[in-house]
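Enquirer: Could you put together the complete structure from these sequences and hints?
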Amino acid sequence: MDPRTQQAIIDAAAKYGRDQLIVLLGTPSPEAAAIAAATVVTGDPTFAGPLAETQLGLSVYHILEDEVRAALDPKVYDEQVGLMAEVLEVSALTAALEEARAQ
Amino acid sequence: MNFAGTKVIVIGERDGVASPAIAACVQAAGAEVVLVVTECFV
Amino acid sequence: MIRPALLGASTVLAHTPSLIALGSKPSREIARDGSLYSSLLDHVRDFPRVVGYAPNQAFIGAIHPREMGPRPYFDQLIQGASRYARDGEIMPEQEFFGLMALADRFQLVRLAPSLAISATAALRDHPLAATWELDRLALAAGNVEEALANGATPIYRAGSLAATISPGHPQDSNLNGAILAENLACKASGALALSHLLAHHDFAPASIDYVLGCAEEAVGDRYQRGGGNMGKAIAEMAGCVQASGADVKNFCAAPLPALVVAASLVAAGVFGHVAVVGGGSLAKLGMKFQGHLQHAMPVLEDTLGAVAVLIGPDDGRSPLLRLDCVGHHPVASGAATEAILDSLLVAPLSRLELRLTDIDQFVTELHNPEITEPQGSGNVPERNYRMIAALAIRRGLLARTALESFIATRGLPGFAPTQGHIASAFCYLGHARRALMASQGARRIMLMAKGSLFLGLMTEQSDGMSLLLERNPRLEEKG
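Residue numbers (the numbering used here), protein chains in the order written: chain E, 2 to 104; chain U, 2 to 43; chain G, 10 to 488.
Rather than coming from a laboratory, the hints here were simulated on the basis of the structure. For glycine and all other residues, C-beta sits at the position ideal for the given N, C-alpha and C. There may be inaccurate statements among the hints.
[Claimed, not checked] Have a look at the derived ranges for each label pair, beta carbon to beta carbon:
#, chain 1, residue 1, chain 2, residue 2, range
1, G, T418, E, A71, 49 to 57 angstroms
2, E, Q104, G, D230, 25 to 33 angstroms
3, G, L137, E, Q104, 51 to 59 angstroms
4, E, E90, G, L464, 21 to 29 angstroms
5, E, E100, U, A29, 23 to 31 angstroms
6, E, E90, U, G6, 25 to 33 angstroms
7, U, G31, G, R95, 53 to 61 angstroms
8, U, A29, G, A341, 37 to 45 angstroms
9, G, L361, E, E99, 33 to 41 angstroms
10, G, G325, U, A29, 28 to 36 angstroms
11, E, A96, G, I126, 37 to 45 angstroms
12, G, A167, E, E100, 18 to 26 angstroms
13, U, Q28, G, R409, 30 to 38 angstroms
Expert: This is how it looks when you write it as structure tokens:
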């Protein structure tokens, strides 16, 4: 995850409080989604940015997870995200996020 | 899961699901989007 | 109205392992951890391995991307591969450094004397040698250690200082050695592609009226950081003495609006022959190098790619650029992929009463997945084709069961270096032209490019453009 993005997340966490925030990802590949999710939970596993040794412990989901989809308006979801839900590997992405949340 | 009244950070990717699309979904469900970032790795 | 045609396309690669350390990602990572430099040096490929690399052979037109064979490509080299092919060449590093020195008009590039001598000798044997003022190379030879001591940007080859690029101005950071290196690499590779285009298709350099640059560098100084017109600089280097030029800037998508502008100029009769040229991106060398090192692979982003195409009046054979089938991405389309593809593909085709399934080939972002996958970025072309297929399914044009065959027959495997605009459909134009001219070949090929404007922090929008290439109807008549 880009260092500038990491810093923006740190700032948001400081401003709003970690418990108040949900991070929602749109990452296309499961490997990259796993890294992005880990970055906001246990710290940047690639040690590339300010979240390198910081455990923010934020709540993180991928927009394509069933649990997220179920909580959103189906018409808006289909229009905005529907196509990519058919293109990307939803179960692999879900698995990657569940693994990150379990840490 | 309920987005009403939540504060959301959106990290989209141009080759995946773009941030404004994600933001539109959660805003429609009553979330406040506090940070929007789109990344691109190619 | 004159019908604009794709009269020719050339594609070249310059093997530049010594420039990887100057790439944006490697230079920043090496600054943090110096030990990465020796890891990098241990994992660069030599010239024969770069020539025998299937994606590179596909890039220069020797083979079609579908003929690349199975992966991994990097350790299954093509036997008997040549550096020269019908669309261009793969140039070895020392010759390319000679071209960079020739591209420099301000005595900022200095070559170690031995390199100046060997580069000159090698370039004298080059089929395009007459294009270049090779005598000027001797003037670039000099004391590179002295230049380095005076603040020049160094280029090391096999552990020794081979060349330096001095800052163009003591106080203007827009003219520092690193930026000039980037711009000179773009100019030299672009000019090489243009010279190949002219030679392969027998066009006189003086027949070119205008050159549109479409690469992603920024030419300028502190008052005009992106002033531009690399197009004219390339025109001059390639001997196009009757040409002027300009640049089209649109991140990775730029080749498409550049083609549309070029075709429009020809169609309107403003200019007779317009070249569109994109030089390589030094900044993107080694972008995914960490993934390659982690997977014990060679560092695969070791080449600069460049493309040059010529647009001119319908010659009765060459594919036509359908200016009535251009897709754009208006602000109102927003960011949802479906809405974007609707604007870029469905809308322009429906103006011609065509559908996605009427297109024989879609040409989109063609990044080599062997480069992107080790770093976790996945297979970009495959993802793009999956999006187009999914759209066709959602619109009832395609059965779900036909998705894989849609991708296999109308999509392409990725083969381009991760050089942004080069990978965005632009690199396939030599192949596209052949496909549209072959008997039993394609009838309609749709180009689509996308650009991440949001990276410049001026807008959250991305952009894209598409263009239909069509078989020349008069080709059928000739039988």
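Enquirer: All hints are to be evaluated individually against the structure, with a verdict given for each.
Expert: Hint by hint, here is what the structure shows:
As the Cβ distance of T418 of chain G to A71 of chain E is approximately 36 angstroms, the hint placing it in 49 to 57 angstroms is violated. Look at Q104 of chain E against D230 of chain G: about 50 angstroms separates their beta carbons, and that is not inside 25 to 33 angstroms. A hinted range of 51 to 59 angstroms for the beta carbons of L137 of chain G and Q104 of chain E is consistent with their spacing of about 58 angstroms. Distance hint check for E90 of chain E and L464 of chain G: the Cβ-Cβ separation is about 26 angstroms, which falls inside the suggested range of 21 to 29 angstroms.
Restraint check, E100 of chain E to A29 of chain U: a C-beta distance of roughly 29 angstroms satisfies the suggested window 23 to 31 angstroms. Evaluation of the 25 to 33 angstroms hint for E90 of chain E and G6 of chain U yields a pass: the beta carbon distance comes to about 31 angstroms. At roughly 60 angstroms, the beta-carbon separation of G31 of chain U and R95 of chain G lies within the given 53 to 61 angstroms, and the hint holds. With their beta carbons about 18 angstroms apart, A29 of chain U and A341 of chain G fall outside the hinted range of 37 to 45 angstroms.
At roughly 47 angstroms, the beta carbons of L361 of chain G and E99 of chain E sit outside the given window of 33 to 41 angstroms. Taken as a hint, the range 28 to 36 angstroms is violated for the pair G325 of chain G and A29 of chain U, whose Cβ atoms sit roughly 55 angstroms apart. At about 59 angstroms, the CB distance of A96 of chain E to I126 of chain G disagrees with the hint of 37 to 45 angstroms. Between A167 of chain G and E100 of chain E the beta carbons are some 44 angstroms apart, a value that contradicts the proposed interval 18 to 26 angstroms.
A beta carbon spacing of about 31 angstroms between Q28 of chain U and R409 of chain G agrees with the range 30 to 38 angstroms that was offered as a hint.
Hints 1, 2, 8, 9, 10, 11 and 12 from the earlier list are contradicted by this structure; the remaining hints agree with it.
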